[in-house]
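Colleague: Chain by chain, the residues run as shown.
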Amino acid sequence: MRRPSDLTRCFQSMVLFVLAGGFLLAGLSPALAERPEKDLGPALTEREQAFHVLNRLAFGPRAGDVNRVMEMGWEEWVREQLDPKSIDDDALNEQLKKKYPSVTMSLGEALREYKLPYKKGADPEYIKRRNQLRSKARDELRDATLYRAVNSPRQFEEVIVEFWRNHFNIDNNKDDVAWTASDFENSVIRKHAFGKFERMLLASSQHPAMLVYLDNAVSQKPLTERELKLMERYENRDFVPRSVAALGRARGLNENYAREIMELHSLGVDRHYKQRDVTELARVLTGWSVGYNEDGEYGFDFKDNYHDDDNKKIFGSTLRGGGMKQGVGVIRELADHKYTAEFISYKLCRYLVRDEPSEALVDRVAKVFKRTNGDLPKVYEAIIFSDDFMYRQNHRVKFKTPFEYTVSALRATGAQINSAGPTHNMLKKMGQPTYRCIDPTGYYDQAEAWLDPGVLLYRWQFAMSLANNDLKGVRVPDHLQANLSADSLDTRLIQRLVPARIDPQTRNEAQEALAKGGASSAWGVMLGSPEFQQQ
Amino acid sequence: MSPTRRDFLKQSGLVLGASGLSGLTPSLTYGAPNVDGSQPPTLVVVYLRGGQDPINSIIPYADPLYAKLRPTIKVNPPGGGGGVLKINKYFGFHPAMKEIAELYDQGMMCPILNCGSTHPTRSHFDAQDFMERAAPGIKSVTEGWLNRYLYATQTSEDADLRALSLQSTLPRSMRGQYGTLAVPGYGANQVMSTFEDLYDCDSNKEARKKNAAEGDKPAEAETELLPEEAMRLRIAETGDESIRKLRQINKLVGNGGQGNYPKTTLGRQFRDVAKLIKAGEGLEVAAIDYNGWDHHAYQGGNQGTMSNMLGNLSKSIGAFVKDMGPRMDRTLVLTMSEFGRTVRENGNNGTDHGRAGCMMAIGGMVKGGQVYGKWTGMERRNLVDGRDLKVHTDFRRVFAETLASLYGFEADKEDFFPEYKSREKPVGFLKRIADA
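Respectively, the protein sequence lines represent chains C and F.
Read in numbering that gives the first Met the number 0, the first sequence has 48 at position 49, and its numbers run on one by one without any break.
Read in numbering that gives the first Met the number 0, the second sequence has 109 at position 110, and its numbers run on one by one without any break.
Keep in mind that the hints were calculated from the coordinates and are not lab data.
No residue lacks a Cβ here, since even glycine has one placed at the ideal position from N, Cα and C.
Some hints could be false.
Below, a sample of chain F positions facing chain C; criterion: calculated Cβ distance under 10 Å [as the list claims (entries may be wrong)]:
{"#": "1", "residue": "Ser122"}
{"#": "2", "residue": "Gln127"}
{"#": "3", "residue": "Ser139"}
{"#": "4", "residue": "Ser167"}
{"#": "5", "residue": "Arg174"}
{"#": "6", "residue": "Pro183"}
{"#": "7", "residue": "Leu225"}
{"#": "8", "residue": "Arg233"}
{"#": "9", "residue": "Glu240"}
Sequences and hints are given; from them, build the entire structure.
Modeller: Shown next as structure tokens:
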């Protein structure tokens, strides 16, 4: 039993963490003493530990997972997951190839198979066919995302890919991103999620999906004084020479990407950079665009004629001339900055440990990030094998995002996915359609963003229809619910979903549901319970 | 800019044209008694997503450029069957907007032309985002303008149903710290019954007290929850709140018939807003989304896709105003869209993303029967990038005047819009009904 003084301290420190998190984001140097946090105990039982790793480092337990982790020891399970290549996933890849072929293709292949060339004034049939193929590419990625999260044996890889997917958010409904998003996931996120952060940042900055999504592809050197004057001169005339008219069209800087790469992808909001640096970085990155190479292959294209060759002044130092190397240099500098180490560490701790991670933990992880030059597996390890990770005060205190909730329910029930569309419709209602976050921030993973009235209703609808096999496209196996009785309710249902400390109210309701509506009702109630929303 | 055009507009009374005030009903004048006692005025924001074409809504039929630039999607001139519904010598409503045109004639409706964002983006997402957060170009503002207003003016006595969105997702304008509710589709009753007891926090307390009494935990355990227990409670309370509010709404709205409303989602949404306002439960802000205005191809002229959508909008609003009766004195319907569309039609009998759009305001406090906003014609040289209508009225101006008129909330003084201090002349389209 905890003493009241422990509890008081617990709440005081909670408040401090919130403040500390705020300071970190506001860019103020935290002056608070960074005493490492203590476990406010009681320590997690072995069973709770197994649930904890399966809820945080996997998308929830499947049948038998908890026991397997307990037998292996959770540390051993984690070590295996941290080296995804050691886990065989051939069966999964075969399914992906069959069900969602575009996600297994190279960018060139996907474009050849799924993109009909744009034709001005094409007939409606052609336009329809082109749109259908575009939707197909978009939906295959969306559905493969769900399929992988549910079925991949490399669960931690899927969990961490979901983190980076949101960190480097792209919306695959915007223009050509529909066709390039899949390759973005493969060649930027998956390829580097277990490598160096710098490589991932650079890869993202040269991928068509990101350049189109954040408009850098159309960013061009701004008009010169001379050109501006020329335009002014013709402003009130009826005849405007073609060359002057061309100046007025779509010619100019687009700061969108330059801002987001600093604010969202590396340094954190308003850390180190000023508006002037945004504009200057936008100038550095002019010409980082998309196009076709000599072989007709679509991809990253550095456009000389878009690029601003004049000197720039960024972070107080002058960059002479222009060229693509200049941009690569600045992006390397961003990746290497200590604020980037802090920001990424903070976000990862928030994702894996607690919505308001302790300052001391973030600080320790950031040091590892810096020391290893952003070696991501080392950073993940520093978080997972920290003492804090298994502290009582970090256990079941996160609220599942709609995606985490949906995937964990599909895993818990052992549901088979034949068609992911109807499930995705539910995700959309819950507010998290896959690859459709229009904000460059990506979807948030904190309770604050999701714990709204209204949202829960759709979770309940999902829970009930899944348990009753009313949700199209997915099927819960019969043996899951067969012969569920009041005696077996605890072992066959409740303990599979909740590690311990189930609220008496929830238990009563599950028992009642079983008596009144049978096994499917009991499953529905448990999947819709507050306990199952906790992570 | 063309001085001749402007002069022409002035002479023909297009800018200040206060014609057609004839139909004003006496009960709808300023200062009519508040029929609902202490009920707040209600703002109904209708977002036309996709970029409503202003030029085929409020049609400059008398401009020879109109027919020239839009050969396949032009609407027939007034007179004859199915032509433009004349506003004056220059403008007219699309023929599908019959009810809206009547409200205009009654002095309860006005369009605001060339209205839009200071940010030049033609991306739906950015443009909607900037508009709904009323912060063009500023991505760090994450809360919607309606939510910020609700938050800034909240009191401990706020009604449960103070702010609602009439579809299952909250529009960005309503997102933020203030607890607003997205009303899910019907058929939720059953699932609410299933989870009602589980999420019932009062009986949860009872159960815990009972356990405590039986010696499981000390009596003060209630306030000394473990973090995981605190999270469970937070989830349970949120669920409890959803059920309470939704039950209330379902009771007030029921399913019932559509009455005079069109049998469409939009019709149903307007019907529900009317029911909720009439119920007197303190509904202050209602948001309705109407998707599908992105007419890049085959948008149609007199008939066709856009015509049907304008008809649905007009019929829904017409039925709403009839249904509300004198309550329209304290109700404002404001329609908006993220941008307008190209003045010239494209190669697919449609229009592409443009800049300025038009807003429409309907309500008893609207100084209607006039066209607001500055129209500067469709000559190439008067267009942005030679293709789009220029923005002359910042949408924030309209938002500010709306909040001031209905609620006496002075956005400029409150620093409500980030990085924006309005130096624009007021649009002046609303009478003030709020106590100063």
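Colleague: For every hint, state whether the structure bears it out.
Modeller: Outcome of the hint check:
1. Ser122: Hint on F:Ser122: holds, closest Cβ of chain C at ~7 Å, below 10 Å.
2. Gln127: OK, holds: F:Gln127 within 10 Å of chain C, min 8 Å.
3. Ser139: Result: holds, 6 Å to nearest chain C Cβ.
4. Ser167: This interface hint holds because 5 Å falls under the 10 Å limit.
5. Arg174: Hint holds; F:Arg174 Cβ to chain C Cβ min 9 Å, cut 10 Å.
6. Pro183: Since the shortest Cβ distance to chain C is 5 Å, the answer is holds.
7. Leu225: 7 Å, holds
8. Arg233: 7 Å, holds
9. Glu240: 5 Å, holds
When the structure is compared with the earlier hints, no violation turns up for any of them.
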